[in-house]
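Asks: Starting from the known structure of chain A, fit chain B onto it as the hints suggest.
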Amino acid sequence: MATAPAPLSLSASTLPARLRAAAVPAGARGGQTRRGRMVVRAKIREIFMPALSSTMTEGKIVSWSAAEGDRVNKGDAVVVVESDKADMDVETFHDGIVAAVLVPAGESAPVGAPIALLAESEEEVPLALAKAQELANGQPQQAPPAPAEDAAATPSPPPSPAAAPAPVAAGTKGIASPQAKKLAKQHRVDLAKVTGTGPYGRITPEDVEAAAGIQPKPKPAAVAAASAPVAAPSAAAVPQAAVLPPVPGATVVPFTTMQAAVSKNMVESLAVPTFRVGYPIVTDKLDELYEKVKPKGVTMTVLLAKAAAMALAQHPVVNASCRDGKSFTYNSNINIAVAVAIDGGLITPVLQDADKLDIYLLSQNWKDLVKKARAKQLQPNDYSSGTFTLSNLGMFGVDRFDAILPPGQGAIMAVGASKPTVVADKDGFFSVKSKMLVNVTADHRTVYGADLAAFLQTFAKIIEDPESLTL
Amino acid sequence: MQSTAAASVSASAIASGGGARSEPARRPGGLRVCGLRGESPACPSLRISQAPARLAVARAAAATNGAVAGSGGFDYDLVIIGAGVGGHGAALHAVEEGLKTAIIEGDVVGGTCVNRGCVPSKALLAVSGRMRELHDEHHMKSLGLQVSSTGYDRQAVADHANNLASKIRSNLTNSMKALGVDILTGVGTIVGKQKVRYGKVGFPEKEITARNIIIATGSTPFVPKGIEIDGKTVFTSDHALKLESVPDWIAIVGSGYIGLEFSDVYTALGSEVTFVEALDQLMPGFDPEIAKLAQRVLINPRKIDYHTGVFASKITPAKDGKPVLIELIDAKTKEHKETLEVDAALIATGRAPFTKGLGLENINVVTQRGFVPVDERMRVMDADGNVVPNLYCIGDANGKLMLAHAASAQGISVVEQISGRDHILNHLSIPAACFTHPEISMVGLTEPQAREKADKEGFEISVVKTSFKANTKALAENEGDGIAKLIYRSDTGEILGVHILGLHAADLIHEASNAIALGTRVQDIKFAVHAHPTLSEVLDELFKAAKLQPREVPDSKPSQPPQPLLKVLSFITALLSSPKRDQQR
Chain A
1 MATAPAPLSL
11 SASTLPARLR
21 AAAVPAGARG
31 GQTRRGRMVV
41 RAKIREIFMP
51 ALSSTMTEGK
61 IVSWSAAEGD
71 RVNKGDAVVV
81 VESDKADMDV
91 ETFHDGIVAA
101 VLVPAGESAP
111 VGAPIALLAE
121 SEEEVPLALA
131 KAQELANGQP
141 QQAPPAPAED
151 AAATPSPPPS
161 PAAAPAPVAA
171 GTKGIASPQA
181 KKLAKQHRVD
191 LAKVTGTGPY
201 GRITPEDVEA
211 AAGIQPKPKP
221 AAVAAASAPV
231 AAPSAAAVPQ
241 AAVLPPVPGA
251 TVVPFTTMQA
261 AVSKNMVESL
271 AVPTFRVGYP
281 IVTDKLDELY
291 EKVKPKGVTM
301 TVLLAKAAAM
311 ALAQHPVVNA
321 SCRDGKSFTY
331 NSNINIAVAV
341 AIDGGLITPV
351 LQDADKLDIY
361 LLSQNWKDLV
371 KKARAKQLQP
381 NDYSSGTFTL
391 SNLGMFGVDR
401 FDAILPPGQG
411 AIMAVGASKP
421 TVVADKDGFF
431 SVKSKMLVNV
441 TADHRTVYGA
451 DLAAFLQTFA
461 KIIEDPESLT
471 L
Chain B
1 MQSTAAASVS
11 ASAIASGGGA
21 RSEPARRPGG
31 LRVCGLRGES
41 PACPSLRISQ
51 APARLAVARA
61 AAATNGAVAG
71 SGGFDYDLVI
81 IGAGVGGHGA
91 ALHAVEEGLK
101 TAIIEGDVVG
111 GTCVNRGCVP
121 SKALLAVSGR
131 MRELHDEHHM
141 KSLGLQVSST
151 GYDRQAVADH
161 ANNLASKIRS
171 NLTNSMKALG
181 VDILTGVGTI
191 VGKQKVRYGK
201 VGFPEKEITA
211 RNIIIATGST
221 PFVPKGIEID
231 GKTVFTSDHA
241 LKLESVPDWI
251 AIVGSGYIGL
261 EFSDVYTALG
271 SEVTFVEALD
281 QLMPGFDPEI
291 AKLAQRVLIN
301 PRKIDYHTGV
311 FASKITPAKD
321 GKPVLIELID
331 AKTKEHKETL
341 EVDAALIATG
351 RAPFTKGLGL
361 ENINVVTQRG
371 FVPVDERMRV
381 MDADGNVVPN
391 LYCIGDANGK
401 LMLAHAASAQ
411 GISVVEQISG
421 RDHILNHLSI
431 PAACFTHPEI
441 SMVGLTEPQA
451 REKADKEGFE
461 ISVVKTSFKA
471 NTKALAENEG
481 DGIAKLIYRS
491 DTGEILGVHI
501 LGLHAADLIH
511 EASNAIALGT
521 RVQDIKFAVH
531 AHPTLSEVLD
541 ELFKAAKLQP
551 REVPDSKPSQ
561 PPQPLLKVLS
571 FITALLSSPK
581 RDQQR
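Same order as they appear, the protein sequences are chains A and B.
First residue of the first sequence: 1, per UniProt numbering; consecutive thereafter.
First residue of the second sequence: 1, per UniProt numbering; consecutive thereafter.
Chain A extracted, bound-state conformation (with noise of 0.2 Å):
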C-alpha cells in the first residue's frame, strides 16, 4: 500500500478528474452557515474540505501536493483527498500562498472544515498563521465551528425528560452503536453529553440525532401516507411539509406523536374540497334549559351535541362521508366527536350514539370520557369513531371560527360564543336576544350547499325550540 496515494486513475474519462476546493474569502463566506461569527479580514482564503460525492461527510487528506510556503495558481491541484468514493485531486480557485496546513495528511476533516489557509502575499502570511493558531485554539474547548445543524443543537441541551430512566448499570454508560458513532461524528455531537436510550443504556443513533436537533428522516411519513390507503391517492400528492433550513438559536422540539397525528390530518385534509356556511342562532331558550339541567350534570357541549345529532339524523348526507372519491358512505351510527384541548394537544373523544342517548346519559358517557382523556387513556374507538364533529370556542369569547375538516368525516361545525345582540323580529319590533355564529365546514363531494343549509336551519330551530332536547 505504500503507493496508495496515487489517486484512483481508473478512467479518466467518468470522473472527474479534479474537483475544485471552495476557497471562499473568509470575510465573505456567506450564507446562513456562519453568519454572525464572520469577521472581516484581508484576503486570507480558507480551503475547506470539499463534497467529493453527494455521500460523503468527511475526507481523509491522503497528501498534501502544495507544502507551507508554496505558492498555488488558481487550478492547481493543492490537496489529495481520500473520500468515501475515491482518492481526487483537489485544486484551489485562488492564487496565493500556502500559509498554513491545518489538516496534516493522514488527518480526516469534514465536508466543510477548513482545511488549509491561503494568503495572498507574503505580508499576509503571519496574519494567517495567527489566525491559524486561533482555530486550533478554538477548535478543542468551544464548540465546533459549526456546520448548519450543530447551530441549533449547541444552544439547545439535549432533551432532558428522556434521561429520566437512569441507566443503571454504570459500566455501560457512553456505549454507542456504530451508525450512532458516525452519525456524531458527522453532526460533531459529542457522545459523553448524549444519554442513550437504547439497549442496556446504549447510544443508539436516534438519541444522536434528537441530539443534534434533527428530525427523523421523512421515511416515517412515506411509511404512514402509506399506511392509510383511504387517503392515499390524493395524500400522494400533497406535498409534504418541505423541510425548511433550520433557524439559528431556535429550540427544535419534536413532535410528541398526538402531535404528530395532529400535523399528518391536517395536511391530509387539504386534499378534500370543503366548503363553509354559517348560520346565526338564537340561544335564549336553550340557555334557560341548560340553567335547569346543569344541577343534574349536563354541559353545553352535550347539550349542542345532543342537538347536532337530532338534526343529522333528519340529515343523514351531512352524517355521511365520502372515503373514496367515487361514493357516499352513510354511517348507521352518529356519533358527535367532541374536539379537547388536553396539554400539548388536541383531543376529539366521540359520544357515541348522540340521537339515541339521552342527554343525561350522554352527559355521564362525556364525563367518563374526559376523564380518560386527561389521564391518556382513550382507547381508539373512544376517539376515532366520529361522524361528524363539533368544536366550540365560545367560552373564549370567540365569536366566529373556521374549523378543519378531519379526514373521514363529512362536516364539521364550529361554534361561537352566545352573545346579547340586537334583533328585529318580523314586525320589527327590537330586541336583545342571546345569538350564537355557528360555522359548519363540509366535504362538497358529498354534502353541498342546500344540504348544509337545511341541516343548519334544523339545528337551529332545534337549538331555539329546545324541549324536544329533553326528550
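By construction, these hints were calculated from the structure, which means they are not laboratory data.
Just so it is clear, the structure is predicted and the values come from calculations on it, not from any experiment.
Treat the hints with caution; some may be incorrect.
Derived BS3-like pairs (lysine-lysine); straight-line CA-CA distance at most 25 Å [to be verified]:
1) K242/B / K225/B
2) K294/A / K435/A
3) K461/A / K294/A
4) K337/B / K193/A
5) K177/B / K195/B
6) K141/B / K526/B
7) K294/A / K356/A
8) K181/A / K322/B
9) K356/A / K296/A
10) K433/A / K292/A
11) K469/B / K60/A
12) K337/B / K185/A
13) K469/B / K526/B
14) K337/B / K181/A
15) K193/A / K322/B
16) K195/B / K206/B
17) K264/A / K141/B
18) K60/A / K465/B
19) K181/A / K314/B
20) K296/A / K372/A
Here are some chain A residues the structure puts well away from chain B; computed CB gaps all over 12 Å [stated by the list, open to error]:
21) K182
22) A260
23) L378
The beta-carbon is built from N, C-alpha and C at its ideal position, and this holds for glycine as well.
Replies: Here is chain B on its own, set in the frame of chain A:
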C-alpha cells in the same frame, strides 16, 4: 464460503502449483484445450477413441452398481468419505469413468456448502440485495421508481434459505442415486490399507474394501479459545444461517468472506455491525486495492464500524440481563484495549478441518493443525513424508483452498489419476467470490503476490484496470460502483490474476479463470467478442487495455546497439511470445 485463512493457504498452493501450471500454456496451439486437464501429451487421442466405450461401461455400472464386484476383489473401486460438494463431484466423475463408487455420509448429503454454507447464505444474500435496492431511495428515484415502504418477515426469509438448502440437498442425493452411487450412512473410519469401516450409533458397523479411498470430510466453523458459543447470542455461521433473530447490533469477528457476506445480510435487514479483525486491515485476503474500494463501497456507507489489529480474547453470551461482552486485546501487545457490549456476536474466524475419528493413525498419517497433509496430486502423505498409496484427501480437509468448487475440482483430478491419467490441478485457476452487494471475485494472484513472484523469477508484471462506471450495462442498472483489475506478465501476456468488484462480479470472473486454466494469454483473448451491452465488456475492456512490452527494436536505441548475442536472444523471445505464432501453425 471460505475461511479467512484461505489467503495464506492459497499462498502455499501457489508455490506448489506454480511449476506445473506454465507447462500446458507452452504447448503448441492444437493441444492447448487439454491444458485444463493437464494430461500428458500422449493421452488425448487415446481418450477420444475410448470415450464411447467408457460411456457404455458407465451406463452398465449405473444400472448394476452393487451387483458387479469391484475389480481385483475389492468391494468398490472408489469409496469417498464425506458427501459434500467435493465428494459429490468426485463420485459423479468416478461413475462417468466407469468406477464402482460408494460415498459415506455421516451427517447430511451436501455437507457444509449445501446445508450450512454457500447455498443458504446465497438465499439470505438474495434477500439482502433486494432490500438494499428497495431501501436506496436515491437509487430508486434515479430509475424513476417509487417505493413507499419496505419490510420483511424474518421467518419467511429464514424459510427461503432453509427450503433452498433442502432442494439442493435432494437434487444432489438424486443425482448420485440416479447414477448408481451407493450412499452409505455412518461415520467412515479408515481401519487399514484400502479398508474402511462405517456405521452409526445403534447399527452394526460394516467394513468395506476399496481400491481407492478419498477423504472429503470438510470442515467446521473455527472457534478460537475464550469464546463461548451459546447458539443464540454468540454463534457461528451454522446458526446464523438459520436467521433465528436479527439483532440490533451484532459484532462479527473476522472480516473475510463469511464475515463480509453476513455484514451485507445483517445491515440490509436493519442491524448495525461491528467488525473485529485481528490483522491491521479489513478483508486481509483480498487484493489491497480491491479491499480499499470494498471498504468504501461495502463498509463506510453502511451502519458498520470496525476494530482492526485486535483479538477477541473472551466473548460471553448475553445472560443475567447483561449484553454480549467482547473483550478486545491488542493483537501484538496482548494488552486489554476495550470491552464491547453488543446484542450478538458472529464468529467468522475461519474454518477448521473436520478430520477427527478418521482413523488416520491406523495408517501412520499425522494431521497438521487438523489438516490432512497431501501432495500436489491430493495424495495423502504419511508421517515420514511418503505417499500413502490409494488414499487421497480433497477439499477443506486438506486445506489447500477452502472452497466448495475447489474440493470438487480436486475430486475430479483424483478420479482422473486413478483412471490412469496423471493430472495436477492448477489451483491458481480456481476463482473465488464473495457475494456481497456488489460482489467481489478473484482468480490467481493478488498484486503483491504477483510482484513477489515477479521479483523472484525475474520478470515484469503490468496492471490494468477498468471501471464499471464506463460500462453501459452497469450504468443502465445504475450500478456504476466497481473496478476490474488485471495483472499479467508484461513479456508473455500470461494472465496472473484478475480481481473484480462490481455488479455480478462472481459471474464475470469465469472468463478470466478459464483463460488462466487454458493458458490463454491477453493478446489472444482480447480478440474474443463480447455481446453489447453486457457487463462482460468490463473484462473485454480490461483485456483490450493490456499492452505487452514492446519488442526490442535495435533502432530504438541507436546510442547503445545491443550485442549480437542479445540480439539473437531477444529475437527468439520475440518469436516465442509473438501472437502470430499460433496463427501461423
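Asks: For every hint, state whether the structure bears it out.
Replies: Hint check:
1. K242/B / K225/B: 24 Å, holds
2. K294/A / K435/A: Within the cut-off at roughly 20 Å; holds.
3. K461/A / K294/A: Roughly 21 Å between the alpha carbons, so the hint for K461/A and K294/A holds.
4. K337/B / K193/A: The hint holds at about 23 Å.
5. K177/B / K195/B: At roughly 23 Å apart (the allowed maximum being 25 Å), K195/B and K177/B satisfy the hint.
6. K141/B / K526/B: Not satisfied, since the Cα-Cα distance of roughly 37 Å exceeds 25 Å.
7. K294/A / K356/A: 20 Å, holds
8. K181/A / K322/B: 22 Å, holds
9. K356/A / K296/A: 19 Å, holds
10. K433/A / K292/A: 19 Å, holds
11. K469/B / K60/A: Answer holds: K469/B to K60/A is near 23 Å, not above 25 Å.
12. K337/B / K185/A: Given pair K337/B, K185/A holds - Cα atoms ~21 Å apart, limit 25 Å.
13. K469/B / K526/B: Between K469/B and K526/B the Cα gap is close to 20 Å, so the pair holds against 25 Å.
14. K337/B / K181/A: Holds, at about 18 Å.
15. K193/A / K322/B: Given that 25 Å is the threshold and the Cα spacing comes to 23 Å, the pair holds.
16. K195/B / K206/B: Roughly 11 Å between the alpha carbons, so the hint for K195/B and K206/B holds.
17. K264/A / K141/B: Between K264/A and K141/B the Cα gap is close to 24 Å, so the pair holds against 25 Å.
18. K60/A / K465/B: Between K60/A and K465/B the Cα gap is close to 24 Å, so the pair holds against 25 Å.
19. K181/A / K314/B: 24 Å, holds
20. K296/A / K372/A: 21 Å, holds
21. K182: For K182/A, whose nearest Cβ neighbour in chain B is about 7 Å away, the distance does not exceed 12 Å, so it is violated.
22. A260: Check passes; 17 Å lies beyond 12 Å.
23. L378: 27 Å, holds
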